[in-house]
Amino acid sequence: MALLSAQNIHKNFGQLEVLKGIDLEVQAGEVICLIGASGSGKSTFLRCLNYLELPTDGIINYQGTPIDPKVTNLNQVRSSMGMVFQHFNLFPHMSVLENIIEAPIKVQKIKRSEAIQIANRLLEKVGLSDKAKEYPARLSGGQKQRVAIARALAMDPKLMLFDEPTSALDPETVESVLNVMKQLVNDGMTMIIVTHEISFARAVADRICFLHEGKILEEGSPCELLDSPKNARTQEFLKSVIA
Amino acid sequence: MPNIQHLLDVFLKSMPLFLKGALLTLELSATSLLIGLVIGLFFAFLSLSKSAVLKAISTFYITIVRGTPLIVQIFVLYFGLTDLIKMSSFMAATLALAFHNGAYISEIFRGAIQSIDHGQYEAAKSLGMNNLLTYKRIILPQAFLRAIPSLGNQFIIALKDSSLAAFISMDELFNIATTQGSNNFDQMTYLVIVAFYYLLMVMILSFLVGKVETKLKKSGAT
Ligand SMILES: Nc1ncnc2c1ncn2[C@@H]1O[C@H](COP(=O)(O)OP(=O)(O)O)[C@@H](O)[C@H]1O
Ligand SMILES: [Mg+2]
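Residue numbers (the numbering used here), protein chains in the order written: chain A, 38 to 280; chain B, 3 to 224.
For the record, the hints were derived by calculation from the structure and aren't laboratory data. There may be inaccurate statements among the hints.
[To be verified] With a Cα cut of at most 25 Å, we get these calculated DSS-like pairs of lysine-lysine: (1) A/K162 <-> A/K148; (2) A/K107 <-> A/K148; (3) A/K252 <-> A/K267; (4) A/K107 <-> A/K195; (5) B/K22 <-> B/K220; (6) B/K138 <-> A/K170; (7) A/K148 <-> A/K168; (8) A/K143 <-> A/K107; (9) A/K146 <-> A/K162; (10) A/K168 <-> B/K220; (11) B/K213 <-> B/K15; (12) B/K138 <-> A/K148; (13) B/K138 <-> B/K57; (14) B/K138 <-> B/K220; (15) B/K162 <-> B/K213; (16) A/K170 <-> B/K219; (17) B/K57 <-> A/K146; (18) B/K217 <-> B/K138; (19) A/K143 <-> A/K170; (20) A/K195 <-> A/K162; (21) B/K22 <-> A/K170; (22) A/K276 <-> A/K252; (23) A/K168 <-> B/K219; (24) A/K170 <-> A/K148; (25) B/K138 <-> B/K219; (26) A/K143 <-> A/K219; (27) A/K143 <-> B/K138; (28) A/K219 <-> A/K57; (29) A/K162 <-> A/K219; (30) A/K168 <-> B/K15; (31) B/K162 <-> A/K170; (32) A/K57 <-> A/K107; (33) A/K170 <-> B/K213; (34) A/K252 <-> A/K57; (35) A/K107 <-> B/K88.
Kindly produce the complete structure, drawing on both the sequences and the hints.
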């Protein structure tokens, strides 16, 4: 059974129809990359999956049960889906360590000492053990994003959502973030990644979906979609990003 | 103008009295500011709520405070309150000043809360935090840090405004100055002296606020 399945997801902002019926199934351990032009609805779709946006229509099944915002405890759902944002959204008034232990302690009610242990292990994993006491303002973009990843991982998520995690980074720090994400892939984490890094997508994705104007126009393995795209729009888009 | 020698003599002689008054002035402004913080936070939430009624209540309160002289507010609250319940003039003055400062503080808090990036709410939500946790742990601490310079400013204003409590016979700084001035037929000397005390307190406060501000900037916590 799929870990998550989204069926016929629609989203309108007032008159604007942003998502026009998206279907996606994600198996545990799968890595899916979403690509598409700016404004095609990638972020909106990702944000519908953890209900940061309320879909106008459609059903999301997660861990075998349909999510119904009137019945389901959305906070509980969200706490088991990590999300990494383009602009990091670290808590600036907290140190790196405090950023990571906040939700485990306050949401999962884990003991502080235990949370710190988890955080230290994760900081080591993302290569930032020496930054535990720093405040986010003192970190580079790449370091911030790795902290953000550690913060999401601290909740022991079943699924990680990444929304253009490297788009706001200086080129020289992009690699450090992609390397951490590759490690996660090797660990078998289930991931949905919105990205413009085509070579990264080729390396890690089990499946790539091309979004266009609120629909998945084409999907397939990296080879299928990147090397022999069938749809003219996909071809056009790939030409524009690879050039 | 009084001559300098005379001014110094009176200054030294009256120091114990004025220091007592200064202490009361500080107590009065600090207490009213603390209560004002609670009132301010409450009305900031009302004005940020989705309910039109709650918003209107907050707007009404702020309009009244801004649109009427503080001395009128103090008299109305003093005579109104002491009529209803027995209370000291300190209590009445504190409540009146708190009522007044609360309106300005609510505007400071509202601005500070609104200035917090939307991404902060989303990050908190995405970690499974509910609204209460999000505000308590993420939004309000940041908003409060951001509000500190304006709150410091409001404290300085409150300190000076507290002189109006003299009119409901509080023995704070200004009252001491006018009483002593008329008792000794020497208004100007005592007014210059009381001005000095206010100025000194305001300068110390400004210095402290500035210190905190640089420290916050340096830590990058806001
Ligand atoms: N909160 C919102 N209110 C109104 N329009 C929005 C909102 N969020 C996104 N949109 C619109 O939805 C469309 C898709 O946006 P988005 O999902 O961010 O695209 P992408 O991530 O693919 O660049 C855009 O036209 C954008 O302006
Ligand atoms: Mg986007």
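Inset, instruction - Hint by hint, work out which the structure violates, then give me just those numbers in ascending order. - result: 2, 5, 11, 17, 21, 26, 28, 30, 31, 35
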